[in-house]
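For reference, the chains in residue letters:
There are 2 protein chains.
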Amino acid sequence: MYENENGSGKGGVRLERDVVVTEVALRDGSHVVAHQFTIEQVKNLTGKLSAAGVPYIEVSHGDGLGGSSLQYGFSKVNDIELVEAAVEVAGESAISVLLIPGIGTIDQLREAADVGAKMARVATHVTEADVSKQHLEAAKHLGMEAIGFLMMSHMASPEKLVEQALLMESYGADAVYVVDSAGAFLPQEVKTRINLLKTNLNIDIGFHAHNNLSLAVANSLVAIEEGANRIDGSIRCLGAGAGNAQTEVLVAVLDRLGIRTDIDLYKMLDLSEEVGNTIMQKPQEITDSSLIMGYSGVYSSFLLHANKAAKKYGVDARDILMELGRQKVVGGQEDTIIEVAKQMALQKEGTLR
Amino acid sequence: MYENENGSGKGGVRLERDVVVTEVALRDGSHVVAHQFTIEQVKNLTGKLSAAGVPYIEVSHGDGLGGSSLQYGFSKVNDIELVEAAVEVAGESAISVLLIPGIGTIDQLREAADVGAKMARVATHVTEADVSKQHLEAAKHLGMEAIGFLMMSHMASPEKLVEQALLMESYGADAVYVVDSAGAFLPQEVKTRINLLKTNLNIDIGFHAHNNLSLAVANSLVAIEEGANRIDGSIRCLGAGAGNAQTEVLVAVLDRLGIRTDIDLYKMLDLSEEVGNTIMQKPQEITDSSLIMGYSGVYSSFLLHANKAAKKYGVDARDILMELGRQKVVGGQEDTIIEVAKQMALQKEGTLR
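Protein chains in written order, with numbering that gives the first Met the number 0: chain P, 0 to 352; chain S, 0 to 352.
Because the hints were derived from the structure by calculation, they are not lab data.
Just some of the chain P residues that point at chain S, by a computed CB distance under 7 Å: (1) Leu-212; (2) Leu-268; (3) Ser-271.
Keep in mind the model is a prediction, meaning the values are calculated, not measured. All residues carry an ideal CB built from backbone N, CA and C; glycine is no exception.
Make the full structure from the sequences, and use the hints.
What follows is the structure, encoded as structure tokens:
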């Protein structure tokens, strides 16, 4: 039922695994702790994740290398120091960094490689793969695994997604990830896309899920069934929005299905409890706001602005988010949010007259 | 793709819905609040669930009518008073009660019917449907919808499950539910079972999911795809173990799929926030203990006893739970738990020598 990709490994961390897990709590989870991870926390988690056999561990600001800023939130400790700390205790695991061109630079990628990062995930909006060319090439040149990471994938048609993934393949990417940033995909939509990518690409396919519609683990299973062999997870769901696919749950479910991750479940359960008790300031539940983000398909950064605009113009923030989703608005376009709210207020006024 | 069961409704609450949702926060969620629901809470939630268009609302002790006891935990307010309070504000919604023969009695069912409960869900272990006969017949006699509720369904083969469901059908049940009490089902297992039931039964099929493997919503979708048209949900997941399929998420996802529940999403989101702020003492996360229960397939009541036995005999509680799952131990068989722990300790000692 499941394809076995044994032996196609790069970098020596693949072993006999059917599915290669990248733990993103120390990157996507950075959003949850307002980018305040300490050296001690990074070392502790990395050491224990490595001991549990997690092959890749991503360490970066939530918005990638260079994300520490007024706009995205300042980190407590800079990325390179955190990466260096992680590398020291990573053992057999490889440390990954995320890079969003425009936020992070090739210089920062070089610094990360210099301190021992082995994998670079170059992230662009799903329709903007062309901006990843230099960065993917730079990663290869630096001797890193180079991964394309197509964010907000649900905004593109399956055909557009394949076109963009092929661009990343042509730039030398070792794998391309379908990234469900808003947690908006339904299982059938994942199935169609991974299937089409598998047919058209010759490199590994990855899937990165968020749990806004409570489908992160299920969508990851569908992706694996269709041939994806790289899956992201986050211990205790630590990540933006409603959080990610929960790593320890993925490990348990894949084990039940006979799909090898070579990750020790009990060690992950111990770490899950520790993370719950020590790192999490609030649980990763599906709240009204994270659900409406998955439902409307907009990114979590819109929420604060939509709430402000809703208050100012006397409309429902959820209606604003739904309209932004329909218009497929991307990035942090506050102007659009205000414009949508204004229009809604005018329409409402017109209806009331 | 999805069957439309329009017009097959009983009791006038079905309307044009494709899927009929029963909200179980005021029954399964009773476990979460140690059975301390007040009249005010039940009225508030029932009124708002009714206003949102939820067709069925279940109100009972977590272990059903008569559950209030030293063994299962005493309720703050007795079941019949809570049911009566709910009925007062239920509007178009029907109030359901759960009854586990052996815990609750036919007298209690009559009392519930007398104060206006419209549906009785008679719950037995998946292999013990025969004990539901009198109670299902009594429910019909009392003019209630009579529903069979096969708990711990994952413990039976698909064929055994069908055999037991057919028994309930023969006793006059209007529907039979596949109940994933331990949150242990994988999607393919749900698919096989619902498909086989749909082929063999002439009554409605229901599905009740728990989220221990993060698959509650996904498994509910699979059940619907295979022909189930009654689905349980719990607002904010309020329920035993890792909680239930989250009702507001189900509503959003089914809406995205074009499957009608006729439930107002925004009203459910408002209620979700209120429940999160006022009723929940702790979030419904998937913790190390709820995950191991879904993984091993044992019921949540085993956990405390397994932890005690683990401490006493110096073994890992998770290994005890896994062994109990392998032995398909049911009910609150503390003797078995201690026996398993003892054997493990002896084996461990033998290995160490």
